[in-house]
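2 protein chains.
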Amino acid sequence: MKKLINKSEDVVKEALAGMAVAHADLISVDMENQIIVRKNAPIKGKVGVISGGGSGHEPMHGGFVGFGMLDAACPGAVFTSPVPDQMLAATKAVSGGAGVLHIVKNYTGDVLNFEMAAELAAAEGIEVASVVTNDDVAVQDSLYTAGRRGVGVTVLVEKIVGALAETGAPLAQVAALARKVNEQGRSMGMALTSCTVPAAGKPTFELGEDEMEIGIGIHGEPGRRRVKMASAAEITEMLTSPVVEDLGLKSGEQVLAMVNGMGGTPLIELYVIYDALNRILHGKNITIARSLVGNYITSLEMAGCSITLVRLDDELAKYWDAPVHTPALRWGM
Amino acid sequence: MKKLINKSEDVVKEALAGMAVAHADLISVDMENQIIVRKNAPIKGKVGVISGGGSGHEPMHGGFVGFGMLDAACPGAVFTSPVPDQMLAATKAVSGGAGVLHIVKNYTGDVLNFEMAAELAAAEGIEVASVVTNDDVAVQDSLYTAGRRGVGVTVLVEKIVGALAETGAPLAQVAALARKVNEQGRSMGMALTSCTVPAAGKPTFELGEDEMEIGIGIHGEPGRRRVKMASAAEITEMLTSPVVEDLGLKSGEQVLAMVNGMGGTPLIELYVIYDALNRILHGKNITIARSLVGNYITSLEMAGCSITLVRLDDELAKYWDAPVHTPALRWGM
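These protein sequence lines are chains A and B, in that order. Its first residue numbered 54, the first sequence is counted upward by one per residue in our numbering. Its first residue numbered 54, the second sequence is counted upward by one per residue in our numbering.
If we strip away everything but chain A, and leave its shape as in the complex, we get (with noise of 0.2 angstroms):
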């Protein structure tokens, strides 16, 4: 195993003393209970929004904490869910009285502990919506879930729903536009090669120098299959194909499209699989009216792409294109 690292045990506290550091402007970290907290939080009359998970996906969690995004962030040890006690200090570091909303993949750990967050801050006068994202279509069940795994629409439900939350818009709407987002998105991602989690010190799987699975998770977990390599142009299809149809998107029809790096994948190849995805999408008379291309949600060093497309309307568009100021994610301001 090489990485840039100290000791294993020590990879997310000093990356979050990093983060602190290079985004004193956007955040603070509370080193204590391991949570990113947006700088002014809490706002009075806002809904804080939160999220969190295991380390390793980075730039989510912890970089899409600012203006117009999340409130807070609780990162895990890498792919490891965060345990409810953070969960439940940063919901109250961003109550504002407006109550508070938990955006959850769907990972059972995940599950299971922002729940029991949830329950602990109601149990101190917080209102807590939750909304749990499953957009992977590759697998239905998998190793870490029941139903569908949560990916790369959650990066999308936060900047959405963040914007929303900045208005003052009411606890229950939030939750519902971040429903919304995660019932019109759908991806499949697919990997290269494996990646290394530091404490372990050796790869998660192992490929063959002609093979790649397709239909990962973001944690190494099996996909749907393990297939031969095959052109971008192929890879593109096979990961487009799945969302398109689980998603019933018909000629005529926008999307915003994320083509995402799992980590270890240069930008040259992630524009070379959005130039075949708009191709496939034109050939449908589908519109990518907006998009995204880049690193969002990672597993570690991991080469491969994910797809994530949401079906868009005037409501989305409008809360996508707002103003946002994070450390991964800014435009507007």
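Check each hint, because a few of them may be wrong.
Just so you know, same-sequence chains aren't split out, so a pair can sit in one copy or run between any two.
For lysine-lysine, the following BS3-like pairs were computed, each having C-alpha atoms within a straight-line distance of at most 30 angstroms [what the hints assert, rightly or not]:
#, residue 1, residue 2
1, Lys97, Lys371
2, Lys97, Lys255
3, Lys145, Lys66
4, Lys92, Lys337
5, Lys55, Lys255
6, Lys371, Lys92
7, Lys281, Lys55
8, Lys145, Lys281
9, Lys97, Lys281
10, Lys66, Lys337
11, Lys60, Lys337
Hints are computed from structural coordinates only; laboratory data are not their basis.
We have chain A; now place chain B onto it with these hints.
Same frame as chain A, but now just chain B:
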């Protein structure tokens, strides 16, 4: 070789096609000349700012075309200089009557071709100034250069100078600022792994499972020394000390610091390096007043990082803070 590509000879062309559709609001791509041009170019009375070099370093340079940074970029084949005809086409495309600045990384091929392009442009009545970046303290002469290599500071030159050009400043002043940033900036990089040029099909070099290369170039060319793996803190010290020493940074000074990923290193590790850098500089009473952490000048999927420091004064801070809107760098708008 496992990559998300179709034919190796089509990688650059297809990535440019992907960029063109993903960022149609900001750039247009002239596929015949293989250049990326700012949407509203040429801008009358504004100095045009262009750069270029081999592909495989994305987002540099194409990802930096837009408001407040570059007016055009000329990507060559992977790790190969663009040709004078591309540079001439880019120069003409951005010439608004106030002259054009060529920002050239110090590699023999790039320097020669940009010189020829400048002569051709002059023959067509376009005034051109050229600034060569040479910030890499790792080696004096190298495989591809006489003198130091131009690396990370190039990104910072492009941002700062692009902001000045946006104000309508004359060519001589824009070129002088580019020279100043280069003179006040130094970099050093390292690699944990090699990378594979698509057309070559095999890794550029080999590194053992317990080895790393300190002072690596952005094309995998050799660095200062090959050493045994070390901790993030030790690696950061190996990169920072030569930079601080060569720049003659003194207690009480301020810097702009970039911790840059080589393409295959996860963001969580870059923040660990940033934390270590911050500690080292803090110990020398040098303040990081501005920072950038992420993949900005890469070597395909190489794992590793580089550190660039620029001595900061009020003038450089002002142009660094100015609005920018490009595919890869955006703030203030």
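Inset, instruction - Provide an ascending list of the numbers of those earlier hints which the structure does not satisfy. - result: 2, 8, 9
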